[in-house]
Amino acid sequence: MSMKEKFLPLPGAIRDLVGDGDSVVMGACLEPHIPFAAAHEMIRQEKRDLDVIAPISDALTDMLIGAGCVRQVTGAWVGNVSGGLGHNYRRAVERGIPRPVRVRDYSNFALGMALLAGAHGMPYAPMRTLLGSDILKSNPDFVVGENPLSEDGEPVVLVPPLRPDVAVLPAQRADVFGNSHHWGNAGLAQEAALAAHRVIVLADEIVDHDVIRSDPGRVLFPGFRVSAVCHVEAGVHPSPMSGRWRRDTAFFNDYHRRSRERTGFLAWLDEWVLEVPDHAAYRAQLGDRLDDLRITGEALSAPANWAAE
Amino acid sequence: MTAPLAEGFSTQELMIIAAAREIRDGEVVFVGMRLPITAFGVARLTHAPNAVGLFECGIARHEPADGMLYTMGDPPNQVGAAWTTGLVQVMGQLQAGHVDLGFIGGAEVDRFGNINTSYIGGPAAPAIKLPGSGGAPDIAAMAGRLAVIVNHDRRRLVERVHYVTSAGYLEGGDSRRQAGLDRGGPAAVITDRAVLRPSGPDNELHLASVHPGHTVDEVREHTGWDLKSAEPVVETPPPTVAEMEALHRIDREGFWR
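Chains as they are written, first to last, in my numbering: chain D, 1115 to 1423; chain Y, 4 to 260.
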């Protein structure tokens, strides 16, 4: 076996692979599998001027904005899925607090097509969505052209490819070479992995290579496109992960309440990020609460026979 | 229809039943969270047992999830799904014309059914930055029909939205077609007071039915444009016993009561 081991502690991976000013995809899976542990580490390391790319990302983008890490949001939605508006997002866009943030508006499908174009080396992706929407006016990246293959010159929206500097993607399990098993809805995780220059996997569990090899159909992104694998149990908390973690909705609601005012957000940030040295300490701070979120039931899929003869 | 009518129901339960009735049997439906997901469940248990639900995060389901959902990606929505896949795959089906109906909500809806979930006061210097589009513009542009869920007041039902996040009939008439959208558009706007539907060559939203306990004058007073009425305006049919039984089977915690 000649695969390269890519096992790194999370702080080292964030230090080595995420630079100030980088474009970073996080929350590509939409509501589940959001890499909060990586965002917390970026905040602790005081990353600056990030372009955060995400379709939804729940409260993750809002936290990074409040912590002053973000110069631009490239995405479709920033808020708190069960709570509502993103208070830090509002403060930054409406009043420049703690600093102004530029918004590059996409719809979810447009972001998917942009990453798909990036993943596949396409010069642009054609799509029918967004015609008639003001997103075409507020985001100048889109071009409305005529479909050259149609007889009546039907309008078509051309979306330029997105090739993010970094994608941070959780997975239920991975080997030390970065080969990752994912199950459940995938959102834009595969497109993000294949479009990005560097991929950091947050594996809830590190398993033997033979476990991954036994079921290549469950590999969402292959190790040869992965830069670093970090073992971070519950790195998605408070978002859910099928077969591992339920959603901690009370935690999202608490964040929503406390982030309503800037001072409340800063106190929250001290309590859950800045005064917590690493994710192990974060898990310890959650204590019994994390145990209660652990999925303990079993709903195993039937094995698939991969025999060749 | 002579099905026995239910006695007691909340406004939200009536809205769920009205939304469920928009779903026809065998249709492929972009569901979305909260009220529409419950409506999908009611439709499945009553008149539309063969409807299929799609979720933009990358899930297709026949049966509603067994367990409380706070987001469409929660583990109960994954268990026993018909398909777990990616967003591009599911929304690609939408673009290809295989989705009959989609549900979305909005902060502002105007007389031509355009929807704003992005900016109050324009994108350059917004008074309020709303969370944004999500997949709503995609559903509004590409589903066969659109159903919009919104609370009924003059701040939300406006003459003209500040920003068209999701295209309705744009400036009315055939302007939606002119923009290159060759199908779809709002078929129903379901509020807590009434149901509005497009009518006439302008595709302007008209009052189609008023919920029990509400009046035409009251609905007009809470609408931000000179709301015209389709003829005749009827009362929104109250839920049947069978519909309420289906709803109570899904809403075991009584969240919508």
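Bear in mind the hints are in silico, worked out from the structure with no lab data behind them. Where a beta carbon is used, it is the ideal one built from N, C-alpha and C, also for glycine. Mixed in with the good hints, there may be bad ones.
[What the hints assert, rightly or not] Just some of the chain D residues that point at chain Y, by a computed CB distance under 10 Å:
no. : residue
1   : F1121
2   : V1270
3   : P1274
4   : R1361
5   : T1363
Which hints from the list above does the structure break, by number from lowest to highest? Numbers 1 and 3, in rising order.
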